[in-house]
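Please put together the full structure from these sequences, using the hints given.
First to last, the sequence lines map onto chains A and B.
Read the first sequence against my numbering and you will find it ends at 638, with the numbers running on by one and no gaps.
Read the second sequence against my numbering and you will find it ends at 933, with the numbers running on by one and no gaps.
Read the hints as simulated data drawn from the structure, not as lab findings.
Ideal Cβ positions, reconstructed from N, Cα and C, are used throughout, including at glycine.
Worth double-checking, as some hints may not be accurate.
[Stated by the list, open to error] Below, computed lysine-lysine pairings styled on DSS-like, alpha-carbon distance capped at 25 Å: (1) B/K648 - A/K379; (2) B/K685 - B/K648; (3) A/K278 - B/K685; (4) A/K278 - B/K681; (5) B/K648 - A/K182; (6) B/K752 - A/K275; (7) B/K741 - B/K755; (8) B/K725 - B/K741; (9) B/K845 - B/K866; (10) A/K275 - B/K725; (11) B/K681 - A/K275; (12) B/K648 - A/K278; (13) A/K275 - B/K675; (14) A/K275 - B/K648; (15) A/K278 - B/K916; (16) A/K278 - B/K675.
[Unchecked claim] Computed Cβ-Cβ distance ranges for the label pairs, DEER-style: (17) B/R756 - A/K531: 57 to 65 Å; (18) A/P378 - B/A740: 29 to 37 Å; (19) A/E376 - B/E701: 36 to 44 Å; (20) A/G469 - B/S773: 40 to 48 Å; (21) A/I377 - B/V679: 43 to 51 Å; (22) B/E859 - A/I565: 39 to 47 Å; (23) B/S773 - A/K531: 56 to 64 Å.
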Amino acid sequence: MKNVNEINTSKFKRVQNGIESLFIPVGISLMLIWIAIFIIYPFINMFSSSIFVDGEYSLKYFSYQRSAYYFKIFKNTLMLGLSTASLSTILAFLLAFGITQVKIKGKRFFHFIYLLPTITPPFLFSLSVIILFGRRGIITYHLLRLSTNIYGYPGLVLAQVMTFFPFAYLLLRSLLVNLNPSLDEAAFVLGANQIKKFKTITLPLMTHGIVGAFVLIFMFSIADIGNPIILGGDYSVWASEIYASVVGQYNLSLGAAMALTLIIPVTALFFFQKYLENKNNFAMITGKPSQSKLIIEIPKVSKFFSIFFILFSIFIVLLYLMILSGSITKLIGINYGLTLKHFKTIFSGDSRGIKTIMDTLILGGAATILGTLFSIILGYILVRKENLPGRNILDFFLTMPLALPGVAIGIAYVIGFNKEPFAWAGSALIIIAILTIRLIPYDLRVIVKGIKQIDVSILDASYILGGNDYKTFTKIVAPLIRESIIASIIYNFTRAITTISAVIFVVSVNWDLVSAAILNKVEEGKVGQASAYGVVITLVAIVLNLALINYGRKKEIEA
Amino acid sequence: MNTDKQKILNSKINIESKSVEIRNLSKTYMKLGKKKTLNYAVKNFNLYIEPGELVTFLGPSGCGKTTVLRCIAGLETTTEGEIYIDGKKINGLPPYKRNLGLVFQGYALFPHLTIFNNLAYSLKIRGVPKEEIKREVQIIIQMLNLGGYENRFPRQLSGGEQQRVALGRTLISKPQILLLDEPLSNLDAKFREELKGELRKIIKRLGITTIHVTHDQAEAMSIADKIVVIRKGVIEQIDEPLNIYKYPASEFVANFVGKANLFPAEIINIGDGSILINLFGKKIKSKLSKAQKKFSTGDKVYIAVRPENLNITDKDDEYSLIGGRVDFIDFQGEMIKYKIKTDRGTTLFASIQNKVDSTLIDENKEVGIKFDLNSLYLIPSS
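Here it is, written out as structure tokens:
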């Protein structure tokens, strides 16, 4: 009887095996090329642009930042960041605590509502805030007969808190859900009532999480560009000032210098937040968990949280309804006659609306697929090829964009790809690239986690039975992590089609994105069309994510 | 630890023994699925525990033993029934008002507190003055050999050390009753053996009424004064470990606590102190053992024979009751365990002590099986 090695010696099989054996080397080579062109090259250009002005070495744009004007912007940014972070963290903690620890009805519904802002464009609520609380706002002007100026600090804080609180909520909720319930029970049996248990056990164990949530939101706030552009008014913050220097003054060097200044605190905070995330693990469930969680059933507490949840959910839904209202009224704030003209305008043959939406779906889709492919290959390498030289460099460079503010990446791309040899500015390639580099870090995390959950002896068995890396990956790993990949694809596609900070500088006449289009329409004063775009993209995101939830539920039932 | 020091420690840890009574306890859960059904986790559970007794709830996973424990602790509410400690009803009292001690399976040590603060937790909660806390913690530390660990955190301790801290944290508040939820299951086999004896010694020295839950029958047999065998939420038998082993009340107990060979038989006649049984077509007369249940003529029963009471003999032995073949030999050093496939297709287990002059019976050898017929132990057939 022939042995296995003798059986597979046909020429075709040899060629096939040869090609498959190139799976890892080719994958690595492509990624290295990618990193060199789309990560290292633009940043080197951005750096040199900030210190070489008119052909000369100069630090003038860094010196500018020491002036009183920029100090005020710095103070504004800090103030906004601290306010948003504080309010978001307190709000998120109340929501997370109520959802996980208190007996109330409709938790699933409330949870869904609180997560909605994560799948819609991050600056959409600025529009809602203007519609509700602006000079001709529904609440301020029509209900309360006040003429307020919502632009600036108060409006920005409100819009940012409503945009970013879900991220803090998810973080804190996850912590509370995963806290070992035996610790609560031990505290009760040892004589602590609910309040004492909360003060001596729950809160101390949440400290790192609360600080982590605060840092995360602070990071989001100071890197946010969409909300400050729409609602900032005279209240300039660092990100909006970068935008003004590039789009208003076309001073790329100044923009680059300011972006580099912003990178330092954002990146430092990113690593600090990661450090805190790792510190949270020691109180999590290990081994056999206790049989049940102790839920607070005190009627007054339940009532308080129920009312709070209902009112807050109504407010979130109201914000979305304002977008819808803006899209179907003639001129919101002034003329409330119903109309579909805004939708007709963006979908008409003459307008760019359909093209913009199609561009968004195509570019977002391409970025998602590319990002997933890279993440799969790199994820496999990181988990299975621990001794491969250079794998840590790959990991660092592909994860690094997550630590950088989107606006800095945008400027780096504008500067880097506006000249030879890579004069690709305004092309689909650049937009796909900039979306991809922001998606890979998230994808990678999900895929690495998925692969790590596979029992290593299963993969070893494949190797021993003759499977090379390619076969092991395609026949064993990929099917086993299929669900992680699908969930990751849908989530990342949602992010790709709603993001603004990184892409705001790279869209063009040839390729446009809905998020940038919304911003443009707002700047042009066309709130109706901006709202119509907002409705379309929100619906797409909600449908996609409902499909994902449904898919997840079906898989649970099948299991 | 020397005897004088031990006496001083004992006199300082003064815990009053209390009785526990459980009356008609039931706990139900609604099972969600295509059709909602009501499931009993525990049904009509009745038990009285003497002050100072160490009782073990023994049963397979999911039998309801931990549910009863959690009901006593107040971490679960009862659907029906009452629980009394020292004659006082505790239903409806929240856990922090029951003054009970519970050692969790995973220990549940507070990871953010030092060992000292873990031990001191219940005293701090009650507002005990600092000096007194320090004194009490020191007593516990000495009693449980935790000296030097005061400023460490739980993650810096081994499993056995964590278990002692968990016990100490519970005892420091002088609880009325001590509840132990599978206290040894997280430890490796070597530690488990060492700590079994230690645990019982500490508990008996303190004289505290203890309810101990485990699925490990060897652990139950070595620790308990009395074992309560539970199956599907219902008590199967309550007795001392030796009696549970020698006189199991049912097929389930016979097989769960140790191994048992069950020979189906039928009662032909019951006389004064003797019984006539039909076993494999043969009529056998035997004495009724003192732990025998009440049977009637015609009852279908099992003759329960422990492996160490089963004798392997020649196939041609006239006293052989059934023939078979040695299927597998499990040599365990001091014991040799044989698995025998009988001519009737059933499986029997025999254990023989390995003595100096012992020889192994060959695998696949045809053998005969016999046991002492003078004093049979019968179990009702299900």
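Checking each numbered hint in turn, tell me which of them this model violates, lowest number first.
Going through the list in order, the structure violates hints 6, 8, 9, 15, 17, 18, 20, 21, 22, 23 and respects the others.
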